[in-house]
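Sequences listed follow chains G and U, in order.
Going by the UniProt record's numbering, the letters in the first sequence line up with residues 1 to 285, in that order.
Going by the UniProt record's numbering, the letters in the second sequence line up with residues 1 to 344, in that order.
No lab work stands behind these hints, which were simulated from the structure alone.
Treat the hints with care, as some may be off.
[Said to hold, decoys possible] Counterexamples of contact, computed for chain U against chain G with all Cβ distances above 10 Å:
| id | residue |
| --- | --- |
| 1 | G22 |
| 2 | N39 |
| 3 | T52 |
| 4 | R70 |
| 5 | L104 |
| 6 | G165 |
| 7 | K223 |
| 8 | L275 |
[Claimed, not checked] DSS-like, lysine-lysine: derived pairs with alpha carbons at most 30 Å apart:
| id | chain 1 | residue 1 | chain 2 | residue 2 |
| --- | --- | --- | --- | --- |
| 9 | G | K280 | U | K16 |
| 10 | U | K113 | U | K134 |
| 11 | G | K280 | G | K108 |
| 12 | G | K280 | U | K134 |
| 13 | G | K108 | U | K113 |
| 14 | U | K16 | G | K108 |
| 15 | U | K274 | G | K108 |
| 16 | U | K253 | U | K274 |
[Claimed, not checked] Over 10 Å on every C-beta distance to chain G, these chain U residues come out as not near it, computed from the model:
| id | residue |
| --- | --- |
| 17 | K16 |
| 18 | E29 |
| 19 | R60 |
| 20 | D73 |
| 21 | G83 |
| 22 | A87 |
| 23 | V101 |
| 24 | Q106 |
| 25 | P132 |
| 26 | V213 |
| 27 | Q224 |
| 28 | H236 |
| 29 | A249 |
| 30 | T262 |
| 31 | A277 |
Computed from a predicted model, the values in this text were never measured in an experiment.
Ideal Cβ placement from N, Cα and C applies to all residues, glycine included.
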Amino acid sequence: MTATAPTASAVEAPQRRGALTQSVRDSLVIARRNLIRMLRIPEMIIFGIIQPVMFVVLFSYVFGGSIAVGGSTSAEAYREFLMAGIFAQTVTFATAGAGAGIADDMHKGLIDRFRSLPMARGAVLTGRTLADLVQTALTLVVLAAVALLVGWRTHENLGKVLLGFVLLLLLGYAFSWIGALIGLSVRTPEAATSGGLIWLFPLTFISNAFVPAENMPAFLRHIAEWNPFSATVQACRELFGNFPPGYRAPDAWPMQHPVWASLIWSVLIVVVFRTLAVRKYRSAA
Amino acid sequence: MPGAIHAEGLVKTFGKVRALDGVDLDVPEGTVLGLLGPNGAGKTTAVRVLTTLLRPDSGRAVVAGLDVLRQPDEVRRAIGLSGQFAAVDEYLTGRENLRMVGQLYQMSGRAAKARATELLERFRLTEAADRPTKTYSGGMRRRLDLAAALVVSPPVMFMDEPTTGLDPRNRQQLWEVIQELVAGGTTLLLTTQYLEEADHLAHDICVVDHGRVIARGTSDQLKQRTGGERVEVVVHRPEEIDPARAVLAGFGKGEVAVETHTRRLTVPVTGGAKLLAEVIRELDARGVEIDDIGLRRPTLDDVFISLTGHSAEEGQAAAEGGAGNGAGPGEGGQGPRSRKETDQ
Chain G
1 MTATAPTASA
11 VEAPQRRGAL
21 TQSVRDSLVI
31 ARRNLIRMLR
41 IPEMIIFGII
51 QPVMFVVLFS
61 YVFGGSIAVG
71 GSTSAEAYRE
81 FLMAGIFAQT
91 VTFATAGAGA
101 GIADDMHKGL
111 IDRFRSLPMA
121 RGAVLTGRTL
131 ADLVQTALTL
141 VVLAAVALLV
151 GWRTHENLGK
161 VLLGFVLLLL
171 LGYAFSWIGA
181 LIGLSVRTPE
191 AATSGGLIWL
201 FPLTFISNAF
211 VPAENMPAFL
221 RHIAEWNPFS
231 ATVQACRELF
241 GNFPPGYRAP
251 DAWPMQHPVW
261 ASLIWSVLIV
271 VVFRTLAVRK
281 YRSAA
Chain U
1 MPGAIHAEGL
11 VKTFGKVRAL
21 DGVDLDVPEG
31 TVLGLLGPNG
41 AGKTTAVRVL
51 TTLLRPDSGR
61 AVVAGLDVLR
71 QPDEVRRAIG
81 LSGQFAAVDE
91 YLTGRENLRM
101 VGQLYQMSGR
111 AAKARATELL
121 ERFRLTEAAD
131 RPTKTYSGGM
141 RRRLDLAAAL
151 VVSPPVMFMD
161 EPTTGLDPRN
171 RQQLWEVIQE
181 LVAGGTTLLL
191 TTQYLEEADH
201 LAHDICVVDH
211 GRVIARGTSD
221 QLKQRTGGER
231 VEVVVHRPEE
241 IDPARAVLAG
251 FGKGEVAVET
261 HTRRLTVPVT
271 GGAKLLAEVI
281 RELDARGVEI
291 DDIGLRRPTL
301 DDVFISLTGH
311 SAEEGQAAAE
321 GGAGNGAGPG
331 EGGQGPRSRK
341 ETDQ
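Bound conformation, chain U alone (with noise of 0.2 Å):
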């Protein structure tokens, strides 16, 4: 039984780039599917191909039973799309915006117009509904934009990159409003380069690169192939480094990882935050001064540079943050990268 979304052996070509290159995917209804690749990795060709804007030069494609391909009429009645561009009418309205959008799905101008007020309410938008979004700030625009993808409720969802440019703040609320969307039983594949967003909002993620999938799998699978729970710790003094190998390696599933200038150790471990008391005891009693110490999980990001050799972000250390607390990467919040996919 195929899921909601289903592809299989995608490729297209834009010239001589294999913007996809034999892609497979499988939603099951009512999942979230994160598809989680760098710029240019395919994600936007994949949600083009989709959607029905762009036909893939080999393979198949079936959204809520539809066959892409041969009912694309069919299919955009059946899907809600929001772009990697918040794309609503800079000088219409937002009731504007979501009318046209009703009418444009066929409803009555009756219907769309109320159907605009309920969604104008729901993503907070009352307020400015009757403002050109030209005057929106980012995270409104973002959200009309959601709001325009959701006139219909449709079954199944597509959103490219939802988050991209927003600031913690507005990211956390969209997340909200995704979450909600996807326990009222909505099928949604999103596209995102951030591996918290991922690790947050999807159910299954593939892992795309050069229009690959080059893994797939829960978040806790994809992090189980790179390893378990670690143990970190920062000491006070060089000279400290050793006293505290030793104490590691009887705790550690593992060889110690020593970074000798940043005083730095991490060694492979089970048993979690009592064992991570142990260890914390253990190096007092030894007088070892710490300066950190965490139990940290392999962040997505650990997953992707074990997968590709190259980071997702390529260059910003996003798994910064991972040192000392164990809830991953990104609570700093991320910073704004290229918006555009190479591969348009």
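Bound-form chain G, shown alone (with noise of 0.2 Å):
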């Protein structure tokens, strides 16, 4: 093997940032090596396309039309109704992938390598919920663009509808801390996948994402209507202006004020899980 002693010159003294300026840095540099994964991984980005393509479809035309909605059942009301529901459960699809990810990192000795490196300790796990929160955006606005092909409308102005994205993807960043915190704590990448993806089913259909709360038993009506979950699905629904004609909303203080609760609950998911995900990070074995 051909080789020289590397040479003082040609090796820049590392520069010292301030502690913030570092954590960007490191979290962009890394945010970056997952969005190259992506794009050499379609395969990824288009299953966790065609999913939830394949939930709007089916439930907008099996379940329309059976199920009433602010006293109708006429299958464009539930349409309308449902896509909320359906973008909010796309975005909470994100655990799974950023908890495969991690836990493939983990298992290749990859987050060994990132541990033993000067650079900022949350980085590698940022990093990872920024390319999802990218990759989520991309699956929302190909979602939203067949959501109007089946028939969903929105009633109010676009500032409104845009804030409605803005908390689809809040929410959807917020899950994936939780992915990350799952990620760190399994063993194989396979056992994350299942792991960030069994409690996302009660957890989305105890809601009101896909039949108003109204007509459940009282103790899951009370689940349901305090489910972070539920929150956004409300407030995108108010902010998409797609309640059903005569509807009126649930006394539980999230349901009357779904753009806040949805707000708070992010951020409160955000704070916890990388606290969590961050400390665990520090002293993966």
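Mind docking these for me? Both chains are given alone in their own frames, and the hints should help you get the complex.
Below you can see the structure in the form of structure tokens.
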């Protein structure tokens, strides 16, 4: 092997930066790495899009016409009602991706490499969640287009509609931190995928996403009304103008103030799970 | 004056397993310490503690003059780690991997890029530089992993089983790189299960088993503990064993050991190749026909067995090749073996 000793001039002295600047920069380096990976495994993005598109089509044509929303069983009314639910469910599925990705990095020894580098402690996880956010945004764009095709419409101004999407992205971002914690806690990427998905089903079904919570038994209804996931769904329906005609919001505080409730829940989840995940990362064995 | 790597009384337990049970190490600047031991001996745990990846239950460690427990960030700036697995992102190209690591070592984007190009050249990866590493062979991945550990030319390097799973040719190439590094002044701690590797690369060797250092010294010192060189003869016919024994007894410094079913006789000697020639002439004069004869130095595997009562390779007779040519173990290349240490 022809090798020359590394010359001092070739190696620039590592720069010292402020903690925050370094954290942002390191996170972006990692986010870039994860985005490159996504582009090189396009099937991941494609499957990530096909699944919610299937949900949109299946739910709106199979359930539409059978489920009464706001006292009407019209398929059109259900379709408008449904979309916020599917959007929100789709963004929470980012959990599984983040979890599997980080578990895979652990498994392959990459987390060890990163932990042995003089980089910001939370950057590996922040970078991953940021890259997931980009993927989630991309999925939402495609999904919204499909929703428009099957007859979904918004009835509020653009600012409100965009705010709805921002809340969806924030929810997805929050859930990818839950995924990060799961990914650091399990032994294999496969376990992270299933561990990231199983609890999402009760969470998204015991909510107002697919059927109005008012029809549920009392105890489920209370869970559904205080479910963080329901808050975002409710907020989107309000911001998109997708409440069925004659709809009256339940008395529970999050259902009365869904935008605030959604914001508070998402920020709370980010703070709690980011803290737990970064702590777990620092001591990952 | 403590060395570039210095550890005292490291203890780490996982449940009931004492992965490290009071390990002391000292590696003077610019030298190579080989941590030699079987799977599960605690080698990887020791590396993980010294590279700030794992906190020990007790004990202290200093790397490049920095306290591992109190100044982990400063330590990370001063070390390079090449772990047991080639830790590169398989979907990124070789160039992208190195550039990313450079940036995470806080180099500017441009400097990281330039350094990546330089390292790719040095490790003969220029041609494959822009292919995802998924397409690389095992040897190429290992080289890239090592290159990643060298991005900032750290003064202290840790390599955890750097050649495990490599074929003999790739191993040889990696050894050359490691020797160049050390010639350039790098301090290196290297773990290995290959006795030959420790013999070849390390100035000092610590033999570890069950979380403890059970012997330390240079390769020669360790071999001395097992005794010096010996002559080994395989005779052609069983009835030649007795005359051969008589000849060897005349030259030997100890008892002649006989293995009847293989017709193999061994005796400790001093006097090297010159003595060997005399033994051959004498055997010839007595009409003893020999199948094989050689001067055999004790291998590190002999050392290991005499220290622990079991082979470092547990069942794999690596010393096999030693008969006849005196070159020690391993020239046939060693078989694949489990890459996981149970102490993780």
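These are the hints, each one checked on the structure:
Interface exclusion of U:G22 from chain G stands, the closest Cβ pair being 20 Å apart, more than 10 Å. Against chain G, the non-interface label of U:N39 holds: every CB pair exceeds 10 Å, the least being about 17 Å. Separation of U:T52 from chain G is inadequate, the least Cβ-Cβ distance of about 7 Å not exceeding the 10 Å criterion. Interface exclusion of U:R70 from chain G stands, the closest Cβ pair being 15 Å apart, more than 10 Å.
The Cβ of U:L104 sits about 4 Å from the closest Cβ of chain G, inside the 10 Å cut-off, so the non-interface label is violated. Even its closest Cβ contact with chain G, about 13 Å, leaves U:G165 beyond 10 Å, as expected for a residue assigned away from the interface. Non-interface status of U:K223 relative to chain G is upheld: no Cβ of that chain comes within 10 Å, the nearest being about 29 Å off. Taking the minimum C-beta to C-beta distance to chain G, about 39 Å, the non-interface status of U:L275 holds against the 10 Å cut.
Distance check on the hinted pair: G:K280 and U:K16 sit about 22 Å apart at the alpha-carbon level, within 30 Å; holds. Pair hint U:K113 plus U:K134 holds up; C-alpha atoms about 21 Å apart against a cutoff of 30 Å. A C-alpha spacing of about 18 Å is found between G:K280 and G:K108, which places the hinted pair at or below 30 Å, so the restraint holds. Our distance criterion of 30 Å between C-alpha atoms is met by G:K280 and U:K134, whose separation comes to about 29 Å.
Only pairs whose Cα atoms come within 30 Å are accepted, and G:K108 paired with U:K113 is accepted, the gap being roughly 24 Å. Distance check on the hinted pair: U:K16 and G:K108 sit about 26 Å apart at the alpha-carbon level, within 30 Å; holds. Among the hinted pairs, U:K274 with G:K108 is inconsistent with the structure: their alpha-carbon atoms are about 53 Å apart, more than 30 Å. Among the hinted pairs, U:K253 with U:K274 is consistent with the structure: their alpha-carbon atoms are about 15 Å apart, no more than 30 Å.
The beta carbon of U:K16 sits about 16 Å from the closest Cβ of chain G, which is more than 10 Å, so the claim that it is off the interface holds. With a closest Cβ-Cβ approach of about 16 Å to chain G, U:E29 is found to remain outside the 10 Å limit, as its non-interface label requires. Listed as a non-interface residue, U:R60 keeps its Cβ farther than 10 Å from every Cβ of chain G; the least gap is roughly 19 Å. Not every CB of chain G lies more than 10 Å from the CB of U:D73, the least distance being 6 Å, so the non-interface label is violated.
Listed as a non-interface residue, U:G83 fails to keep its Cβ farther than 10 Å from every Cβ of chain G; the least gap is roughly 5 Å. Here U:A87 does not stay apart from chain G, with its beta-carbon only about 4 Å from theirs, under the 10 Å limit. Listed as a non-interface residue, U:V101 fails to keep its Cβ farther than 10 Å from every Cβ of chain G; the least gap is roughly 7 Å. With 10 Å as the threshold on Cβ separation, the claim that U:Q106 sits away from chain G is violated: the shortest Cβ distance comes to roughly 4 Å.
Once the 10 Å rule is applied to beta carbons, U:P132 is inconsistent with being away from chain G; the minimum gap is 6 Å. For U:V213, the shortest C-beta to C-beta distance to chain G comes to about 22 Å, beyond the 10 Å cut-off, and the non-interface label holds. Here U:Q224 stays apart from chain G, with its beta-carbon at least about 33 Å from theirs, past the 10 Å limit. With a cut of 10 Å on Cβ distances, U:H236 stays outside the contact zone with chain G, its closest approach being about 45 Å.
At the 10 Å boundary, the C-beta of U:A249 stays outside the reach of chain G, the nearest C-beta of that chain being 49 Å off. No Cβ of chain G comes within 10 Å of the Cβ of U:T262; the nearest lies about 41 Å off, and the non-interface call holds. The non-interface label for U:A277 is consistent with chain G: the shortest C-beta to C-beta separation is roughly 38 Å, beyond 10 Å.
Hint compliance for this structure: hints 3, 5, 15, 20, 21, 22, 23, 24 and 25 are broken, all remaining hints hold.
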